[in-house]
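Same order as they appear, the protein sequences are chains D and A. Take 84 as the starting number for the first sequence in the numbering used here and just add one per residue. Take 156 as the starting number for the second sequence in the numbering used here and just add one per residue.
Please keep in mind that the hints were generated in silico from the structure rather than gathered at the bench. Take these hints with a grain of salt, some might be off.
Coverage of chain A stretches by chain D, computed from C-beta distances (three or more under 8 Å per stretch; other residues unrestricted) [claimed, not checked]:
(1) 325–338
(2) 377–390
(3) 394–404
Predicted, not measured: the structure shown is a model, and the values here were computed from it. Quick reminder that beta carbons are idealized off the backbone N, C-alpha and C, glycines included.
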Amino acid sequence: MRGLKGKRVLITGGAGGIGTATAARFLEEGAQVVVLDRDETALRRVERELPALSGCITADVSDAAAVGRAFEELDGLLGGLDVLINNAGISLRHRFLDIPPQEWRRVMAVNLDGVFFVAQQAARRMLAGEGGTILNMGSTNGLVGYHYYADYNASKAGVIELTRSMALELAPRVRVNAVCPGFILTPMQEAEYTPEEQRAFASKLPLDRLGRPEDVAALFAFLASDDASFITGQCLVIDGGEIAGGLASQP
Amino acid sequence: MGSLTGKRALITGGASGIGRAMALLFAREGAAVAIADLDETGGEAVVQMIEDGGGRATFVLCNVTQAQDCRRAVRFTVEELGGLEILVNNAGIIRRASVLDTTEEEWDQVMAVNVKSIFLFSKYAVPVMAQAGGGVIINTASGWGLVGGRRAVSYCASKGAVVNMTRAMALDHGAQNIRVNCICPGDTDTPMLRDEARQLGEPEKRFLAEAAQRPLQRIGRPEDIAQAALYLASDASSFVTGTALVVDGGGLAG
Chain D
84 MRGLKGKRVL ITGGAGGIGT ATAARFLEEG AQVVVLDRDE TALRRVEREL
134 PALSGCITAD VSDAAAVGRA FEELDGLLGG LDVLINNAGI SLRHRFLDIP
184 PQEWRRVMAV NLDGVFFVAQ QAARRMLAGE GGTILNMGST NGLVGYHYYA
234 DYNASKAGVI ELTRSMALEL APRVRVNAVC PGFILTPMQE AEYTPEEQRA
284 FASKLPLDRL GRPEDVAALF AFLASDDASF ITGQCLVIDG GEIAGGLASQ
334 P
Chain A
156 MGSLTGKRAL ITGGASGIGR AMALLFAREG AAVAIADLDE TGGEAVVQMI
206 EDGGGRATFV LCNVTQAQDC RRAVRFTVEE LGGLEILVNN AGIIRRASVL
256 DTTEEEWDQV MAVNVKSIFL FSKYAVPVMA QAGGGVIINT ASGWGLVGGR
306 RAVSYCASKG AVVNMTRAMA LDHGAQNIRV NCICPGDTDT PMLRDEARQL
356 GEPEKRFLAE AAQRPLQRIG RPEDIAQAAL YLASDASSFV TGTALVVDGG
406 GLAG
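Whole structure, please, built from the sequences with the hints as guidance.
Encoded structure:
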């Protein structure tokens with residue numbers, strides 16, 4: 084990918100499956116990468132797996148003050164920022180009628196408030212520097228409805244819309260896009276679903292397989308690169324064809 | 156080693172504009188390229204450029220609205236280049252007119268070039284790809300396949316059709332390991348765009364300046380679209396099918 088060598092990259096939720104694969108991909112491209120996550124144990128593991136990282140920051144993105152401190156730490160590590168992978172997010176599986184207010188609030192706080200807090204800090208730095216690109220983690224769940232994830236889905240729809248507004252206001256020096264994955268088989272998903280359940284879901288997809296974290300990492304790399312320099316304000320779906328038809332209404 | 160090394164690509168409308176940029180980029184990335192177009196001079200010139208750069212290319216004269224031409228072009232590609240992994244349905248025309256000013260002949264022509272050609276080429280390419288174990292189809296749609304545009308009704312209808320047939324084809328042929336996606340450019344600086352200015356009776360310079368009024372503050376270049384096509388053609392996008400990739404400098408963000 085053109086234009087990624089030497090770029091300063093921050094990946095939130097960097098200790099999860101997609102975050103780690105993305106960190107590895109950007110390191111391969113010659114970028115300087117810092118990962119941020121609230122899970123300190125997981126961060127230590129990532130540090131061992133990816134010794135070329137420029138740093139690891141522990142922070143909860145739903146806490147605006149913590150995000151501010153994290154960016155001060157980032158300033159010390161990288162001296163600026165060119166690429167933000169705004170990936171931190173959580174999901175809780177529960178029926179709409181059963182969602183306790185505090186769980187709704189928690190999902191919104193991490194997935195929407197967190198994206199906002201981190202993006203705002205990043206955008207200020209990019210505009211003070213040479214510009215940059217922000218990639219927000221959306222989801223096919225933000226584009227169509229799904230059972231049992233009403234709060235998650237609403238938060239992701241919020242991220243997708245926020246992406247468009249950010250793109251308008253931050254242009255032309257900062258590009259902003261959202262990546263909308265379908266079912267990506269991460270360690271977290273492997274823990275939650277049996278191989279039989281995974282195969283059953285995959286067989287419903289046009290491409291008859293689940294996504295890999297590396298697939299999403301490759302899309303992040305393309306969108307962050309000079310090859311995507313005319314793409315902004317968009318959400319790019321990577322889902323094996325899941326939402327091309329009306330499948331998504333199945334529980 | 157380029158990301159398309161060993162691949163064979165057939166690009167309709169490859170003699171100029173976006174198709175030409177795709178042909179040149181795909182060849183640089185290692186693909187052998189067949190260009191199908193009505194413009195023989197332009198097409199052969201692109202072939203020459205590719206070969207001068209050490210690449211492999213060939214031209215086939217083709218009226219994309221005629222089934223026998225499309226069938227022949229696919230067969231020619233397979234015979235000349237040895238196979239076909241990537242089909243880029245890029246040929247397209249535009250007529251700037253409302254329903255009142257569009258003749259029946261113009262309506263039929265726009266639908267034939269912009270939509271029927273995709274149906275015909277895909278009809279002949281899919282069996283080849285399926286037999287070989289997979290492939291990639293990329294359709295050039297338009298931002299005006301997602302939103303309406305003034306005085307362009309036949310074009311808008313045709314491009315809306317392209318966007319949704321892309322999804323339908325992705326559903327039909329995923330099981331054959333064939334990915335189908337479309338690209339939705341905004342205003343892109345090509346001969347077709349400059350001809351639009353002429354159709355509207357507008358000075359070209361003003362028309363182009365208006366086209367640059369979008370968040371990224373410039374008009375699209377054919378190379379911008381070609382890069383998106385490269386991502387969709389390569390293994391980097393192997394989990395991506397049934398999508399519309401908008402490359403328009405933020406024009407559809409608001």
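Consistency of the hints with the structure:
Interface restraint, the region 325–338 of chain A with chain D: holds (7 residues with C-beta to C-beta distance below 8 Å; minimum three). Residues of the region 377–390 of chain A with a Cβ under 8 Å from some Cβ of chain D number 5, which satisfies the need for three, so the listed coverage holds. Only residues whose C-beta sits within less than 8 Å of a C-beta in chain D count toward coverage, and the region 394–404 of chain A has 10 of them, enough to reach three; the restraint holds.
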